[in-house]
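*Asks:* In case you want the letters, here they are:
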Amino acid sequence: MRTFSLYFAAALFLMNLAGAYLLDALGLIQGLLSPHGASIVFLVPLATVFYAARLSLYFVAPGLLLGALLTGGSPVKARKNPASQ
Amino acid sequence: MAAMPLPKNPDMRSLLVRALALAACAAVIPRYVAGHPAGGHFHNDLQSQDALAREVAATVGSDTLARAFRTGSARFDGEWAFGTFTMAAIGLGNVILAHPERRADYIPVMEQCADALVSKGTNAFGTEAWGDFGLDGLPGGRGHGYLGYSNLALSMIRLIHPETHHSKLHDELTEALAKRLETSPRGLFETYPGEAYPADMAMVAGSIALHDCATGAPPRPFWPAWRAAYSEWIDPNSGLLRQFGAVQPGAPEGPARSSGTALAAFALSFVDRDLSKRLFEGLRRSRANVLGFGAILEYPPGEWGLGDIDSGPVVLGAGVSATGFTISSAKLHGDQALFTELYRTADLFGVPVHRPSGMRFMSGGPLGNSILLAMTTATWEWKNRCRTPKKEGL
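Chains A and B, in that order, give the protein sequences.
When you read off a place in the first sequence, starting at 1, and then add 20, the result is the number in the numbering used here.
When you read off a place in the second sequence, starting at 1, and then add 7, the result is the number in the numbering used here.
Bound-form chain B, shown alone (with noise of 0.2 Å):
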């Protein structure tokens, strides 16, 4: 193979080396510095997940998160604030399933965290929705379908700390979920009056299989079927889970997107991992990779569309919240190659702060940094931890 001849002319032979410089330093040096941290972080380094980890528990514990939010919309301020709890408490435990070492530190704002979620200022937006507290008459009642966030998080510390004061609620609250979802139609309960959306059923029903887990309950009967229900919002072109749903056949049904299959395939974990796994493989499917920094298109290929509250900021077809979540599936199904992609992404766009305290994210903000602990920590982990079944009669 013949080479290249060089230029002869100075100046365009020198132009050229440095445009080759730029172009090949382009290449190498970003992806290296941004994804550096992501094998600590695949690997469930200690010091990796624990920078972040102090963060946002320090975030939680103190009382400057009812302020963080003030979006002008009372339902998002408080959505927000349940996630940011709800996801804290998710990735702690996680941190403790991988280091146990820590849990002294973290039991008490897992704690916290239980307490603002299963309180009436919290669950206001839900209040406000249905008419009614949805933790008042329990296992009774109906809807509320966004109890599933709460609930996982309960389920997490419950596994962690059986002795937790919110026992008896927590009980309450997944008979209640898991009456609603066996009853439901088409494996969707309302969230929200005249609203279903799959993901947030994800969140449900992972919920359930992790305070089963905890508590060593026998499996439900009405999983089969569930599952099979759940699978019809799978879109069977692109693998992705539809938005929202209805509860009756015939009513209109939402696009395939890739935050919601994101979310559930992280939720689904817990539940079901062939399941889990089909929706990633959905998402794979989403991927774009510029210089090796990943993202996850929010919508299907062909498909376009705006961000939302759900979706986040959506940049040339990337979705934030996709890519966010779709973290926690890569490092759960053993695609590190994605993972470090997906993190690349984040850390350059994230901007990671070093801070006497740990890590955080700057731009994240609380949410964003509860999102990122609990999906960078993802971890099977618990698998290891559930309680043996209780035999009946016995």
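Next comes chain A alone, as it looks inside the complex (with noise of 0.2 Å):
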């Protein structure tokens, strides 16, 4: 589980970083004003998933992590190998 919630962390923050800087270079703003179809198709999509990606990294990643620290032996993961019990 603190695994789980190690690798899910690194991947939002990797996710927040690249496509910040993705989104910057796309020119979100520009492409959503415009009223030319094309690049909405692809921008929106992307946008939502950059900010879904950067909230759960705001708000859910930190408690997630701390929460799989504090109970990283409790049943979790004791269930997956009964024989050390």
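These aren't lab readings, by the way, just hints derived from the structure by calculation.
Warning: the hint list may mix true and false statements.
Some chain B residues near chain A, calculated using beta-carbon distances under 8 Å [stated by the list, open to error]:
#1 31
#2 32
#3 33
#4 36
#5 358
#6 360
#7 365
#8 369
#9 372
#10 375
Here are the simulated distance ranges between beta carbons [said to hold, decoys possible]:
#11 46(A) / 128(B): 26 to 34 Å
#12 34(A) / 18(B): 42 to 50 Å
#13 14(B) / 38(A): 34 to 42 Å
#14 34(A) / 23(B): 27 to 35 Å
#15 89(A) / 364(B): 32 to 40 Å
#16 31(A) / 291(B): 35 to 43 Å
#17 202(B) / 52(A): 21 to 29 Å
#18 243(B) / 26(A): 37 to 45 Å
#19 34(A) / 315(B): 31 to 39 Å
#20 291(B) / 38(A): 32 to 40 Å
#21 107(B) / 89(A): 44 to 52 Å
#22 68(A) / 309(B): 45 to 53 Å
#23 31(A) / 30(B): 21 to 29 Å
All C-beta atoms, glycine included, are put in the ideal place defined by N, C-alpha and C.
Once you've looked at the hints, go ahead and assemble the two chains, each given alone in its own frame, into the complex.
*Replies:* Pasting the structure below:
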């Protein structure tokens, strides 16, 4: 569980970082303001995924990591290896 | 007080600990991460201000700005380019006021902004609406209230750089706007034919007051009467300014809204600190806060409406423009807590992108970044640069 949380947080961090620079390079606002639909087709989904990742990175990932650290040796992990009990 | 017993079931105990960890981290960590740059901006830290200023200067100094706005509406494209140059000039001026050592780098960019603001191309949206170029025939003419924006930028440039080659035009435009304001029946004149906006008049008034500060002109006798007339546009219940007005009595008036109020609170800081503060108090009453992230509600309690070109998107009642513009008056009126709350929201959704050339907000675009520069750098320092009024007869 701890490993999952760590990978999850790392993935969010990378999506946040890379997404910010990618959307900046693509010109998110200029693209959304343009009446020509071509850029909206890929900018809107990209921006949606980016903001979902950003909000999760800020509001979910830290708590998930802390929770995993605090309960690291508890049932969720223990059940995977019953012999150790 | 008895402590709450932990569940005996290990699964339940683990879930409870995880839920508490999630809640505690969500309440503490995001507000710190998004809010930690706010202190630097509030206290005019050079590095904080200069990073955004360098990016804005690079944007308005390049030829890419003309292609940045393609909304399909010539008026909105023109207004946004106009707003970008205006806010960039004001923001860069604020940075110079706080850090005079940046003068040599930013004065040329401010002059470029001024050149664009007085060009026929940038003013095409106003020319189309009125049928004549607003800067022709000065100091005569009528209407063209949008020129208050460019004139405020020219006033900022004049304050910092009295030798600007736009001095003559600036004087003539200021006199023209002052005459229109003085003779306006209810403190408003038209931005476009048949359209008058109190927020635009705040920009007009601010531009005149800052011009007079920059040139040492004596106080204008019409200010007390204008302030009284203008105050009638403030809704007594919400403390917010009406979004649009009617020049003639009895004609319909717009609803009280925060986006116009927030812009006016900033612009009126150059005219009358108390009037600006009064509007700011209305904005404070319209604040919303979730986990330390602040926003300003676009409509007063009990009212609801959609977003438009003035407010930007309205999300769950919070207005993007109102939130961004209120950053300035929170700073000017010393409310660091609100400044930080609003900055956190700008940071979270604006998404700062750090580059070798500085920092800009990914979702701001040229206009949003210029506005955020002008708002986060707002300062009273201009008061210390006013020239002494010239005595008559000397």
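*Asks:* In ascending order, which of the hints set out earlier in this document are inconsistent with the structure?
*Replies:* When the structure is compared with the hints, numbers 7, 12, 18, 22 turn out to be violated.
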